[in-house]
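Okay, here's what each chain looks like letter by letter:
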Amino acid sequence: MKKLLSVVALGALMSSPALSADVKVGSVAGVTGPIAELVAPILAGRNLAADHVNAAGGLLDGNRLVMIQADSQCDAKAAVDAASKVVNVDRVVAIVGASCSGATSGMAQAVTIPAGIASVSDTSTAPSITDLDDNGRVFRTVPSDAYQGATLAQYAYDLGFRRLAVTYANDDYNAGFAAVFAATFPELGGTITASQAHEPAKPSYRAEVATLASAGDAEALALFAYYGGSGITIIRNSLEAGLFSRFLGGDAMVDQSVIDRIGADTLRGNIWLTQPISEEDSVSHMAFADAFAARGNDPQAPFAAHGYDATFVVALAIEKAGSTDSAAIAKALTQINDPDGEIINAGEWAKAKAAIAAGKAINYEGATGSVDFDANGDVPGSYGISTVGGKGTWQVAPIH
Amino acid sequence: MITFINFYLIPGVVLGCIYALGAIGVSLTFGILRFANFAHGDIMTFGVYITLTLVLLTGAHPLLVAPVAMALTALLAVAIDRLFYRPFRSSPAIMLMIASLGMMLMIRSVVRFIWGVQLQSLVRGIEQPLAWLEPLRLLPKHLLIITGAVVLMVAVHLLLTRTKIGKAMRATSDNAELARVCGIDTETVIRMTWILGSVLAVAAGVFLAIDTHVETMMGFRLLVPMFAAAILGGIGKPYGAVAGGLVIGIVEELSAYPWIGTEPLLSPSYKAGVAFTIMVAMLIWRPQGLLHGRRF
Amino acid sequence: MEQLYGYVLYGVTLASMGGIYALLALGLNIQWGFTGLFNTGIAGFLAVGAYTQALLTTPLSSRHIGGIELPIPLAMLCAMVLSAIVAYGVARACIRLRSDYLAIATLGIAEILRLIFKNELWATNGPRGVSQIPRAFEDLPPPWNAIAFMAMVLLIVLVVYLLMERARVSPWGRMMAAIRENEEAAAAIGKHVAHYRTESFVIGAAMMGLAGALLAQYLKQIDPQVSEPVTATFLVWVMLIAGGSANNRGAILGAFLIWTIWSATQILTGFLPNEFVAFGYTVGNLQVRSAYVRVFLIGLILQFILQRRPQGLLPEKRPAASRPSSAHTDRDSS
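Protein chains in written order, with our numbering: chain R, 1 to 400; chain G, 1 to 296; chain E, 1 to 334.
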């Protein structure tokens, strides 16, 4: 049935090249869920990529890329419902999303894998997504926790830290990240003085911070949390109590509001956060960041650049596949990172379109890094460290 | 010992004060209108965002503009009552509860639509503890919160004991039928309940925002501790709500204290369960609350 | 044609979820509609059922306990039984509480259960949840696998409905209604009120457990978010009240109707552009904002139904015609 339909669709495309129908891509995200404040910039990132595509020739025969938004609420129930709607009613050809690993996993297993539709998540970092029996349909532009936890541990050790206290928000993202960190740091020779889960979104963490501090003289606090859920509150409580003054963490903490709420002078030189970046240089990241900032968004917002990349690779795959057949798109997602191909940076849609039209291989270097999907649809983690710069904003530097 | 006071007891009292102010409104609504108002937390959020807007517009200290926000929020609460709750005055409590649930979704959506979901703050930066209190570590804002809460609680006390409307409110809460028979205008009492409840909720929300930050779920996240405080203190008993709020706040913070060895007694990830457990235990063994609240 | 096919497939998912919610609403109808038990801990029993199903049927994993790989129907039975056992424990402690207090107690217990599922990593994999849960009929070729699963859900709903209709007009059902309306009188004629209430609570919870077992299969993935109270508890209440409390058909109708509204309002937001420019100023993220409007509309529809049809779409039908129908007003005023 599906094959028949795709043949019909292909035939329709070939027979009427002037037809400039919209190509619909699902944009599934937890717009109203517990991480709503994170999702808004991510969606802005996705939409920026779609606009870049549409402003520079669109897809295929000048067809517009339309993002069909659906709310996954950070919940498997809602994600399955939302994905089912965009897949069946809107007939999307691929999906960007969902937010939260549980939602992505449910959506993939219950809807997109059976339907044969490729999904590219920009926020789901759970290692279990790697193991899904997905028939090459599930991708993500955000590295699995396994990489980032180890990178942060190594970096902390290299900075000279030997005794660290660990606290993590008890959610799917932070718990996994912290577990890898807490396993790696002692292997390097460091000591974890205390490790505590905390329930996110409480008004105060003073007691937790005091208990962490009392367990041994830790040199810094490794803090795994979404900045809005508990991250800012814990930094604030630690500083006000004078218990911890230095912090390590990951990309879910990199947001301008952290600096704005706490104060740049207090944090400068005292906080190190891992963040995925481009490997060789950050031309691609800057291209994204400038365009994103021009719209009044914060380019450092967690996962916003991942959202951009996820959307951009879906567009590249559609172009590469030369059709809107979902199986062809899923296959093409693995063909846009040819090491010998022409380098495509973020925003360079016209160049990509021309290269594909000329039959040349392409290699997308995304705003977040190389975006080289492996056999499991995962990307390798290449990280930089964000610190507070002179202007009171986050500055990313590659790790050497 | 001083660690215990500085890092567990004082934060517990600050949190308790915030819970207590919010719980008074929950308790009065529960006592007088007979339903658990799920929208109370989001009414609080709304008031905080109004305060935030006024602070951004005028640059004044949040506490100076808070009264305006309180007035606007009280107006909203009375309007909501008129439109969405009054039709159910003689219906079962479940109808009001579901109506308040719908209200909760509606208010939160409005807040998110107007102000967005990004974090904001009323006061920026990190404060240093008051030097003259050493070795006690008390931040100026915490002194402000505790003082403000005490002033408001005394004001509520005076209102409830010295004014005609306050006495009518207590009488209605204790026994609505009797109060009506005695010629008390129930509608006036209900209006006053909404006004008082939302004024105190906005105060609690602004205090919380001064202590942490402003976000769209802040009120909702306080809902359960506020319910727990109201039940602990006895439904319809404002003083009980104050006591209950303080107890819940302090117990929540103390649950992370390393009573035995260096590990916290209870993993802090179970912290949210503390309020629930106290609440359920109270309901089972002493449903009238600490202060002999109303029984249904 | 292709579009129609899509709508049919979407309809299958709507019906599957609607059926699962119908089971929850029927379970709540036994507790609230028949007996007047104000249970706001639906999410807790749902989660017990879902986790039982998940842990008993998934293959061995290093992330959580299990690896028994029980056959699906057997696991569903276990889910019902375990939910019933938990409900019995809850009932032992709380069943004597009056309505509002029972509501708050069950809400609290459900949240404590959720915290346990979230924190006991060794058993449940904590916030990351359990995935790769086997679903009945998933080996059939698409779309028949989805259709067969939907058919199974709807068949279960039908069976439960028929059983409940028989129970409602049976002496047991009349007893329940008597307790709901006048507890003292029921006690005075020598009925063990607490005993009957416990029975009703446990049976209702078993159905919620069954719904959980179906939900786990349907999603193939569960984590503590499944017992998030807004969609797992309050939405069910909305369904029952909108459909018609104490009316089994009403419960089913309410479930399908409200779930369709909840789900299909998403289609509206898809029509909006991402941003529009007004007076040279770009109003961005319009789609994001529209998601909030959608939630607002759901709240408004709820208020509308409550005010216009307080008895629900299908009001209660009494097994005996001679009873006065003032029950709804005096239920909570004691």
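Worth flagging that the hints you see were computed from the coordinates, not collected in a lab. Be aware that one or more of the hints could be misleading.
From the structure, some residues in chain R lie toward chain G, with a derived Cβ separation under 10 Å [stated by the list, open to error]:
1. P41
2. Q154
3. D158
4. R162
5. G189
6. K202
7. A207
8. E208
9. V209
10. L212
11. S257
12. G263
13. A354
14. A358
15. K360
16. I399
Just some of the chain G residues that point at chain E, by a computed CB distance under 8 Å [stated by the list, open to error]:
17. I94
18. A99
19. S109
20. L139
21. L143
22. V280
Using N, Cα and C, we set each Cβ at its ideal position, and we do this for glycine too.
Structure-based check of each hint:
The closest approach between the C-beta of P41(R) and any C-beta of chain G is roughly 8 Å, which is under the 10 Å cut-off, so the hint is satisfied. For Q154(R), the suggested interface contact is broken, since its CB lies about 27 Å from the closest CB of chain G, more than 10 Å. Below 10 Å, beta-carbon pairs count as interface contacts, and D158(R) has none with chain G, the closest being about 28 Å; its hint is therefore violated. Evaluation of the R162(R) hint against chain G yields a violated restraint, the C-beta minimum of about 19 Å exceeding 10 Å.
A least Cβ separation of about 22 Å between G189(R) and chain G goes past the 10 Å threshold, and the interface hint is therefore violated. A hinted interface residue such as K202(R) counts as satisfied when its beta carbon comes closer than 10 Å to some beta carbon of chain G; here the least separation is about 6 Å, so the hint holds. The beta carbon of A207(R) comes within 4 Å of a beta carbon in chain G, closer than 10 Å, and the hint placing it at the interface holds. At about 4 Å, the closest approach between the beta carbon of E208(R) and any beta carbon in chain G falls short of 10 Å, and the interface hint on this residue holds.
For V209(R), the interface hint holds, the least distance from its beta-carbon to any beta-carbon of chain G being 8 Å, beneath 10 Å. With a least beta-carbon distance of about 9 Å to chain G, the hint placing L212(R) at the interface is held under the 10 Å criterion. The interface hint given for S257(R) is met, as the beta carbon of that residue sits about 5 Å from the closest beta carbon of chain G, less than 10 Å. For the restraint placing G263(R) at the interface with chain G, the shortest Cβ-Cβ distance is roughly 4 Å, inside the 10 Å limit, so the hint holds.
For the restraint placing A354(R) at the interface with chain G, the shortest Cβ-Cβ distance is roughly 38 Å, beyond the 10 Å limit, so the hint is violated. This hint is violated: A358(R) has a C-beta 43 Å from the nearest C-beta of chain G, more than the 10 Å allowed. With a cut of 10 Å, the hint placing K360(R) at the interface with chain G is violated, because the nearest CB-to-CB distance is about 42 Å. Below 10 Å, beta-carbon pairs count as interface contacts, and I399(R) has none with chain G, the closest being about 28 Å; its hint is therefore violated.
This hint holds: I94(G) has a C-beta 7 Å from the nearest C-beta of chain E, less than the 8 Å allowed. Because the beta carbon of A99(G) sits about 6 Å from the nearest beta carbon in chain E, less than 8 Å, this interface hint is met. The interface hint given for S109(G) holds, since its Cβ lies 4 Å from the closest Cβ of chain E, which is under the 8 Å cut-off. Given hint, L139(G) at the interface with chain E, is violated; its Cβ is 30 Å from that chain's nearest Cβ, farther than 8 Å.
The interface hint given for L143(G) is violated, since its Cβ lies 33 Å from the closest Cβ of chain E, which is over the 8 Å cut-off. The interface hint given for V280(G) holds, since its Cβ lies 4 Å from the closest Cβ of chain E, which is under the 8 Å cut-off.
In terms of the numbered hints stated before, the structure departs from hints 2, 3, 4, 5, 13, 14, 15, 16, 20 and 21, listed from lowest to highest.
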